[in-house]
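Trainee: With chain F held as given, fit chains Z, B, H, U, S, E and L onto it using these hints.
Number of protein chains: 8
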Amino acid sequence: MDPARLERLLKDVAAGRADVAQALDRLRRLPFEDVDFAVVDHHRLLRTGVPEVIYGESKTVEQIVAIARRIVEAGGPLLATRLDDAKAAALVEAVDGAVHYPLARIVYRKKPGRARPPRGLVAVITAGTSDIPVAEEAAIALELMGERVERFFDVGVAGLHRLLDKLPRLHKARACVVAAGMEGALASIVGGLVACPVVALPTSVGYGASFAGLAALLGMLTSCTPGVVVVNIDNGFGAGVAAGLINRRGER
Amino acid sequence: MDPARLERLLKDVAAGRADVAQALDRLRRLPFEDVDFAVVDHHRLLRTGVPEVIYGESKTVEQIVAIARRIVEAGGPLLATRLDDAKAAALVEAVDGAVHYPLARIVYRKKPGRARPPRGLVAVITAGTSDIPVAEEAAIALELMGERVERFFDVGVAGLHRLLDKLPRLHKARACVVAAGMEGALASIVGGLVACPVVALPTSVGYGASFAGLAALLGMLTSCTPGVVVVNIDNGFGAGVAAGLINRRGER
Amino acid sequence: MDPARLERLLKDVAAGRADVAQALDRLRRLPFEDVDFAVVDHHRLLRTGVPEVIYGESKTVEQIVAIARRIVEAGGPLLATRLDDAKAAALVEAVDGAVHYPLARIVYRKKPGRARPPRGLVAVITAGTSDIPVAEEAAIALELMGERVERFFDVGVAGLHRLLDKLPRLHKARACVVAAGMEGALASIVGGLVACPVVALPTSVGYGASFAGLAALLGMLTSCTPGVVVVNIDNGFGAGVAAGLINRRGER
Amino acid sequence: MDPARLERLLKDVAAGRADVAQALDRLRRLPFEDVDFAVVDHHRLLRTGVPEVIYGESKTVEQIVAIARRIVEAGGPLLATRLDDAKAAALVEAVDGAVHYPLARIVYRKKPGRARPPRGLVAVITAGTSDIPVAEEAAIALELMGERVERFFDVGVAGLHRLLDKLPRLHKARACVVAAGMEGALASIVGGLVACPVVALPTSVGYGASFAGLAALLGMLTSCTPGVVVVNIDNGFGAGVAAGLINRRGER
Amino acid sequence: MDPARLERLLKDVAAGRADVAQALDRLRRLPFEDVDFAVVDHHRLLRTGVPEVIYGESKTVEQIVAIARRIVEAGGPLLATRLDDAKAAALVEAVDGAVHYPLARIVYRKKPGRARPPRGLVAVITAGTSDIPVAEEAAIALELMGERVERFFDVGVAGLHRLLDKLPRLHKARACVVAAGMEGALASIVGGLVACPVVALPTSVGYGASFAGLAALLGMLTSCTPGVVVVNIDNGFGAGVAAGLINRRGER
Amino acid sequence: MDPARLERLLKDVAAGRADVAQALDRLRRLPFEDVDFAVVDHHRLLRTGVPEVIYGESKTVEQIVAIARRIVEAGGPLLATRLDDAKAAALVEAVDGAVHYPLARIVYRKKPGRARPPRGLVAVITAGTSDIPVAEEAAIALELMGERVERFFDVGVAGLHRLLDKLPRLHKARACVVAAGMEGALASIVGGLVACPVVALPTSVGYGASFAGLAALLGMLTSCTPGVVVVNIDNGFGAGVAAGLINRRGER
Amino acid sequence: MDPARLERLLKDVAAGRADVAQALDRLRRLPFEDVDFAVVDHHRLLRTGVPEVIYGESKTVEQIVAIARRIVEAGGPLLATRLDDAKAAALVEAVDGAVHYPLARIVYRKKPGRARPPRGLVAVITAGTSDIPVAEEAAIALELMGERVERFFDVGVAGLHRLLDKLPRLHKARACVVAAGMEGALASIVGGLVACPVVALPTSVGYGASFAGLAALLGMLTSCTPGVVVVNIDNGFGAGVAAGLINRRGER
Amino acid sequence: MDPARLERLLKDVAAGRADVAQALDRLRRLPFEDVDFAVVDHHRLLRTGVPEVIYGESKTVEQIVAIARRIVEAGGPLLATRLDDAKAAALVEAVDGAVHYPLARIVYRKKPGRARPPRGLVAVITAGTSDIPVAEEAAIALELMGERVERFFDVGVAGLHRLLDKLPRLHKARACVVAAGMEGALASIVGGLVACPVVALPTSVGYGASFAGLAALLGMLTSCTPGVVVVNIDNGFGAGVAAGLINRRGER
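Chains as they are written, first to last, in our numbering: chain F, 1 to 252; chain Z, 1 to 252; chain B, 1 to 252; chain H, 1 to 252; chain U, 1 to 252; chain S, 1 to 252; chain E, 1 to 252; chain L, 1 to 252.
Bound-form chain F, shown alone (with noise of 0.2 Å):
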């Protein structure tokens, strides 16, 4: 709450500038208004081009639909996550200039003009061919948040060689997303060789003992790297906004 703005409030109400219904309306709001810091942050983050996701699995194509126009009418960018072919379908027709990128399961639609200048780099790293839908939608996310991304695809440990050939860009990057199944050894590695935080996104790539994701998970949570955080298994949303709120924080 900005006691500056009450205060003028309130000198308001004791010179008669302001009657005591309006004053009265606007204190009303006020709490949540306060509460409201963090809408406000939302709104923040809005305005600064994060994506609002919608999470498809478990609603309807009317509640995707509705929700994905409220979206757009507020100007934001969008991104629906594990739609299938129906309802990604109907999304695309319900949103102008919505597109569907089948094999990540995603809809987005960038927002139109650019919030600001990409700064920074974040390099968007996996371990196999296999965990690139789940990659993608971590650089989606980051692109529509305006961040500046860099693709490095299928570097896994089985051929270290070829990561090792992308020290010199990945020493670039102000964040590092790295998307792996299996053993998901490749954050623990990436962590070892980059000096910026590493966003380590387990995929439920593999079968047996990969469980669905929890080795990869298991893996990351307990590399020997410091610097290394983890998301939810196959989270390439969340894996995105990371790294672009760390990749954000030398700005003013």
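These aren't lab readings, by the way, just hints derived from the structure by calculation.
Beta carbons: idealized from backbone N, C-alpha and C, even for Gly.
Treat the hints with care, as some may be off.
Unchecked claim - Label pairs and their calculated CB-CB ranges: (1) GLU150/Z x ARG151/F: 49 to 59 Å; (2) ALA66/L x ASP165/E: 34 to 44 Å; (3) LEU103/L x ALA89/E: 53 to 63 Å; (4) TYR101/E x THR60/Z: 45 to 55 Å; (5) GLU62/S x LEU103/U: 48 to 58 Å; (6) ASP84/B x LEU167/F: 52 to 62 Å.
Said to hold, decoys possible - Below, a list of computed lysine to any residue pairs in the SDA-like style, where the Cα atoms sit at most 25 Å apart: (7) LYS166/F x LYS166/L; (8) LYS111/Z x GLY75/F; (9) LYS166/S x ILE67/L.
As the list claims (entries may be wrong) - Sample of chain H residues with no beta-carbon within 12 Å of chain S, all distances over it, derived: (10) ASP12; (11) ALA14; (12) GLU52; (13) THR60; (14) GLN63; (15) ALA89; (16) ALA94; (17) ASP96; (18) ARG119.
Mentor: Here is chains Z, B, H, U, S, E and L on its own, set in the frame of chain F:
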């Protein structure tokens, strides 16, 4: 690998300014200096004050003291975790200026002098009193890195108003560490109220279905709030370093 | 067993008012009438409108219809859960007045007439849109019991202000059902804000480390807020009945 | 927020009865007083005798004593759980009238005087002798709240007739707490025999596939009997408070 | 190995009644005939009518039919489990007298003629209607072995009086199979009421925290009632054979 | 309930041979005598020598001694498990003739006299030396029941020939108990070699992926050999009683 | 890094036989050529016929075909796993000589010509018919490597004599792959009978407590037989390559 | 069974050179000699120096000493694991030349003399200092087998350059044991850099989500690098024996 240095060396050889034996010796080490991009990173971290951590649990007291001496001689800040009283006493005896923090089971020594002026603020938050030891591990790691830390302890979700009361100060932080056991809900709440990245730090505080921190870990991983990233259960050191690296993104 | 009734019976036998065969027949049934305290309880529940639930998943359509008919003939309210479209259609066809709610995969029929005037209020709350089907199972179970229900949907912890906005109305409830998937933190938050018992209802909404509702379940079980009790994942019916029974505690 | 109070305050300012500084000070605190709806709830609970619990396991003896003193000075009933003998002795020494119950590892002190006449009856039931310590934690929490408690110990399913023998008295209860380890079947049985809500309290009694209470927990969560709700393993305090709150539903 | 047979053989060789080649041939097979104690056991089982089971899930229809033909030609009773409709149809077509039981997903054929007069009684009990398919797998396996079976379906713990009503008949059984999903409490209850061994058969009926039968399995394993033994989730065949073997203990 | 007894009683009342008060008293107890079918079972077990087991782990030494005295006074055999040395010493001191078996952590006392001549043979088999304590719990339970037991220790699958060597004697058993930790394969092997039911008894012997007996438990549950049934990890008592009950099937 | 090559290069530079630019170019690549020891290893493997595997599950048909073409053009043997029928058909169409093995869900193509004469023998063993598809993946991988393979299918522990019958041939193998689902005991048994290393290959065959191969995996990991090593559930390819590499140890 | 021996024996009987009693005696033992193929294998292993391991955890000191004496008298090398200090002291006292290695909790004694000249090299690698005790168990087992071992300790993935530095020497190994806790990534990395089989040895070093070695175990099982095989957590002995057997493949 630095092409300029290589070119210079080869020119010296071509010009007779360096003999083959000398050059051979230097080149022998080059690949490792090249891979030393990684090492250089470590050195850079070291220079800027990231403490080398000694995980004390499965090491002998002799090993711990030996490693600690090597770190201290190299001029770095020291942090040793999971020390029983005997190991801690031996370490305090062996290293001048080492401080024992029994509740957190750590011993640390700040690097004499100051590497860099603190910039930005990192908030270290706990849900309850019982989470303080783990949170202190994070806070001290941050302080050893030279970061400015503010502690917000015992502001868990059962007394939500205590947390809301702290909002204005929390909004000043450029990164948050949120330590919580039991259901770990505080990380989601904080993530929804601030705009900076939140490093969620699950603790093993709890019993029964908390399964030694598993409930908090899963809760934090599945947080609905984007921008929340997670480290291993009770990994205060890792949370601190990650938050410190995030805080530094904006520096030159 | 009612000693007065026994004594009366024995006196009748002693006085010749009842013959041995009659008395024998009545006494034969007595143990079961005694254990029938349980049965009577069920009957009492039935009379006051607790719906008999049919768990449809592993039953054939013939079994479901047969059980439903028996319930309806006995005059009870009907609730069948986990029905695919074919089973639901067959049930709606077989039972007059049965309503199909596809999203929640249930079919129900209110008992004609009204057993009792509603008293108190039960709040049914969800964290997100995706939790609504499970929450509706609870809400409809409550309505079939004759309770008064108010729905508060999509007020999850990411938008805490939305929940705080509802506080005055929430405070009127005598019991709350809180349905949430993912990390399930909402139950703790609500439990900290209201004075009545909170029935936490974990849902299987989520992916990855939510492990089909396990994360929400563990989070709710380890809630720091006393007064929070938990039911099985996606068990909307059980949550509704428990909240209804709690609401009735104050009646005569 | 109470509009009447706000209007009165503003009128006072407008009329010059209150100056701006005074009004500013009061308004500053208003949002928190508003969120204090929660706090007020806590106060209300406190007034009516819900004990503040101190979870002793990961706290130092100094922290425990300090918190206990604050609670006692505030006039509340005291309950500290999971205390080893040293912590318990220190607490008993520090707090007049504190009682140590070693088997249950708790220390408690009843609030002098009586907040309210007991109403209704809460039954606290155990399957075996080994479940008594956890059940006592529930029973004492209830007694500290001022509830009337009746204990039914060692009536597990292996000797079903022992339980049936207690039915007439069980039917008088307005809420039941059922503590059981191993397979935890007793909660289902009791739930099928009584009409009131049953708070199932899994205990960690058992070995092997009981997995420290997991078997009992899962069994209770998947109970076929509606009206059974569950708390965390060994959470006697939580079960007691929940049962107490349920018992109070009928009061004014 | 039968010494008498060996001695006879050697004496024949010594006396010239058997030549070396013949004796060699017989002795070559002796070790396997010796280990064939196992084989003989199988043959004995076969003779007494234990059906050879074909686990159909991961076999091709050709494999299933080929194995079935071999069994039938050898004169044994046939039981094939976990068959989808296509496999079942092919098997029914291929084997005269084979019967398809779609709900239990099995095909079986009784051995023509009767191996032995039934003796004793095996009770097959289910908690609910949904457990019947698995229980039928057990009952049919028992009938194929020539045992006398009595079915007690849908007598779960929610309606305890239904079970108590069956006690006199249950007491006649020499072995019980108790099939139950969800919390699986029925096995403990039955075990406490009868004097014969109880084969507990957990089923995968349930959802959420039943974790596909895990809750029932753990509950049955941790049963407080001695004399309860457990088989794998949904392993009706195994439960039936075990109960049959138990029932035969008393025979000559 | 015995109709003949009831009829006799009623005729006595009708004829004045019994007064109403007497009859009332007897009838009051009748329902429990009826449910006492269960109790009678227990009594029957007791008469035939099934020991009442005292699970010592979570009981105080006073509770253990008190229960033991009650059992011994009732004339039953005594078995107390999971006793630390202090509890065992107290029990041996309190009960004449009680024997302490420290390795198995049990105290037992045979019932003076002999209830019944042993019949059949129960084989108790272990995979390794480390499984002996748990196996002895089973063997002693069997002996207390009056069964004849033969021990086959340390015949695990790594030395298969040791087991095959024992086959002729194993074939004489009417029931087998197979105790094994680690992978627990021995139960499957034995089950394939004998014709009688095999009670598989997983032990917690092992480390790492044996997860305190879980590997053995799962291996035994998923045994391909029909006729194998399983009890809880380390539940020697339960395995012994089950094998004893199986052995008795053939008796009158 | 090869010092001789380096020295030669530097001498060329010193002598003017190589100019600085050329030398710089060669030295730039040296570190990666050095790390290329790894690459060279892969090449060596490739030359000797280790197939490059394509994990088909999470790749598109286009990706699979493109990778397969690259491998075939490079002259390597081809193995693609976890292909549904559509992917397999496309691959067979795209690659000359590719063979589809539907049961094992693989497509493979032998390398034309023969890299090396087979040496030693690798035994591939299954417990049951259902384990054959996974075992074939191992056997075909071995054959693509040029190894000699002998298959021993359906020799599980329930029919131990079948396995013992094969012992003389098994003793000729220099490495064994043992594929088994359910309890996976066969690996221990084989390990106790042969002297060569045993690669245990758990399969997901089974149901209930086999938890999709977990029981077999744990059983194999906790095998008491030294010399048994384990690969991931259903990882036929990995088991085959490991056995092939073991078989080659003795070659020059 | 050796037909030639059998034929000879029978001819001797036929010719009167052997009497029936003698022949009978020899034939009695034949089946076991046949199964003794296994035993012979064990003997062969023993002769070549595979140590018999004594798992000390659940054995008494008397049992351990007795078994050790039997092994030593048979002339074998001795290895006893998981010994507390008391057991180790007793063993060292009882067996001449036994050496206690407290950190690894083992006691061993080399076989006097040398069975065979070492051939090839086995590399034993650890990620960290804390993994050394388990790795030493493997290294000592290898040395007791007569293998040549080279240790590479503390070369984990956080300092990748340390490992790359060792590559030339690693490439000389014919088998590798890689011991790592936490995320266990080192096994994958080594597997991608060498051409020989890698025995991955997960250790229980770590905390939180390492779940006592589970994270490392799952990571190693799901390694993308073919040729990596896994043993149980902390099973240094098993890893050593497996690597030794692999190393011997090439011998005559």
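Trainee: Each of the hints needs a verdict: does it hold here or not?
Mentor: Hint check:
no., hint, verdict
1, GLU150/Z x ARG151/F: 49 to 59 Å, "38 Å, violated"
2, ALA66/L x ASP165/E: 34 to 44 Å, "37 Å, holds"
3, LEU103/L x ALA89/E: 53 to 63 Å, "58 Å, holds"
4, TYR101/E x THR60/Z: 45 to 55 Å, "54 Å, holds"
5, GLU62/S x LEU103/U: 48 to 58 Å, "54 Å, holds"
6, ASP84/B x LEU167/F: 52 to 62 Å, "54 Å, holds"
7, LYS166/F x LYS166/L, "22 Å, holds"
8, LYS111/Z x GLY75/F, "50 Å, violated"
9, LYS166/S x ILE67/L, "21 Å, holds"
10, ASP12, "64 Å, holds"
11, ALA14, "69 Å, holds"
12, GLU52, "28 Å, holds"
13, THR60, "27 Å, holds"
14, GLN63, "28 Å, holds"
15, ALA89, "19 Å, holds"
16, ALA94, "27 Å, holds"
17, ASP96, "28 Å, holds"
18, ARG119, "31 Å, holds"
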